[in-house]
Amino acid sequence: MVEAAQNGDRAALDSLLRRHYDRVYGICRRMAGNDADAADACQEALITLTKRLDKFDGRAAFTTWLYRVTTNACLDELRRRGRRPTPGLPESPEIDIDDTPAFDTAVSERLAIDDALAQLPPEFRAPVILRDQLGLDYAEIAATLEVPPGTVRSRIARGRARLADLMAGNHDDPSRRPSTESP
Amino acid sequence: MSDIDPTLDDLVSAYIDGDASDVEAARVESDPALRARAEQLRFIGRHVAAPVTLPDDETRERHIAAALAASPIAANVTALAARRQRSARTMQIAAVAAVVAIVLLAVPLVLITRDGTDDNGGDTTASASFDADEELSDDSGDALDEGGADDTALDAAAQDPGDEDAVAQSAPAAEAEAPAEEAAPEEESAADSTDEPEAGADAEGDFAADDSAPQLESNTIVLVPPPTSVQQLATRILGRLVAPADGTSPTLELVPCADVVTAFLDDLAAELLGFTVQDIDGSMFLAIGFRAETDIDVAIFDVGTCTIVPAVPGG
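Protein sequences, first through last, are from chains G and C. Letter 112 of the first sequence, counting from 1, is numbered 112 in the numbering used here, and no numbers are missing. In the numbering used here, each residue carries its 1-based index in the second sequence increased by 1000.
Next comes chain G alone, as it looks inside the complex:
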């Protein structure tokens, strides 16, 4: 499908985008921290993907290349906006009226993780998302981010540790927003 898309098969390109859309958006959502910025970042990532598809030479797995393009597009988009990701309420929460407490908890935890992720510098945020959300191994993350595997391991560890601290503080008192101090 990738080769067909590279050769000008528009239907193949369309299928390729649809196949990977959810994962691209997922990365952007975690990287951006809110739905609005995630949508913009996802759009930029998909456009970058289609514009640079002819540069993919098949030496790495397509998904590795896809995640790299997506991650960089997200970072570029956030950098262009000149600000860190801003956590926000989901725009279309799936509210179960018979289970409001669970929804409250879910939203609270979601805000907490969004907020906590927002506190991480991008170089820590990206490997944590690639590892925990996409399940990539260290080698794949290293290829995606173009850093040594040892660096990946270190950054994931530091990122998780920081998230744990932030989440723990948030869980002590759900009404209390996490600290905004830099790590």
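Treat each hint with caution, since some may be false.
[Unchecked claim] Cut-off 25 Å, straight-line C-alpha distance, at most; resulting in silico cross-link-like pairs (SDA-like, lysine to any residue):
| id | chain 1 | residue 1 | chain 2 | residue 2 |
| --- | --- | --- | --- | --- |
| 1 | G | Lys55 | C | Ala1066 |
| 2 | G | Lys51 | C | Ala1070 |
| 3 | G | Lys51 | C | Ala1066 |
Derived by calculation from the structure, the hints in this document are not laboratory data.
Guided by the hints, dock chain C onto chain G, whose structure is given.
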């Protein structure tokens, strides 16, 4: 902040990812504090891995559409299509493509004749019969030899005598075609017409602005009775009758590339079930022949070079 040494966080993080060595794993498993820290990091991992709420379908489609539009691949396809269209326009294929359409009809012959009594002046009207059976069973043979309108299977055709591109224009005007289910009645009418014994003089009158004659509409599929002599039919239809102003007998002139088109049709038309003609932009026509439901022939006719370019439907 955690009381765990950052280097131990690195160890624990690698442990929960399955990336720790045996020695490292043993160390974590033997230390309650490290095991507790591992649980904390797993908890974090579960939150990060929690599914995100995906955007609605409208947003999704907008994103994909924008990406497709931005693709240089799409741009290349558009550019190629534009080049092809420009090229096609320069091919001047309208005349022969339309003539082929008439050949595939297996009946109609479009005549170009001057009608001095035509009150409609410059009006151009082309029509054709669908009397394939009558035409194909006619032993009178090649119209080139016959040289007369009485051998033709047409109902009527009135053309502006001043139009030098009469063939090119008249064929598109004949552009194929009443719906298939309407063809039969028209065939009956055509049969009546061709049965007229004094077709020469009377036909000339019939050709003049016969507005009641069946008009062919573009983009309509017409079922075609299998022709028995494509060569004969094509030769006749690829010619045009020109009626001199002095009232002498009309003469038949072949259109350019007639021999090429005729040869091509010899291979095609014996199995022909139907055809349609697509009027692309008023100057370019695409003939599509059906040999079976899934067996379609598409051809573009280039008058300028007298070549036939079979094309792949949808390609």
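For the pair we were handed, G:Lys51 and C:Ala1070, check the Cα-Cα distance against 25 Å.
holds (7 Å)
Take the C-alpha atoms of G:Lys51 and C:Ala1066, compute the straight-line distance between them, and say whether it is at most 25 Å.
holds (11 Å)
Would you mind confirming whether the straight-line C-alpha gap from G:Lys55 to C:Ala1066 stays at or under 25 Å?
Status holds; Cα separation ~20 Å.
In summary, the structure agrees with every hint in the numbered list given earlier.
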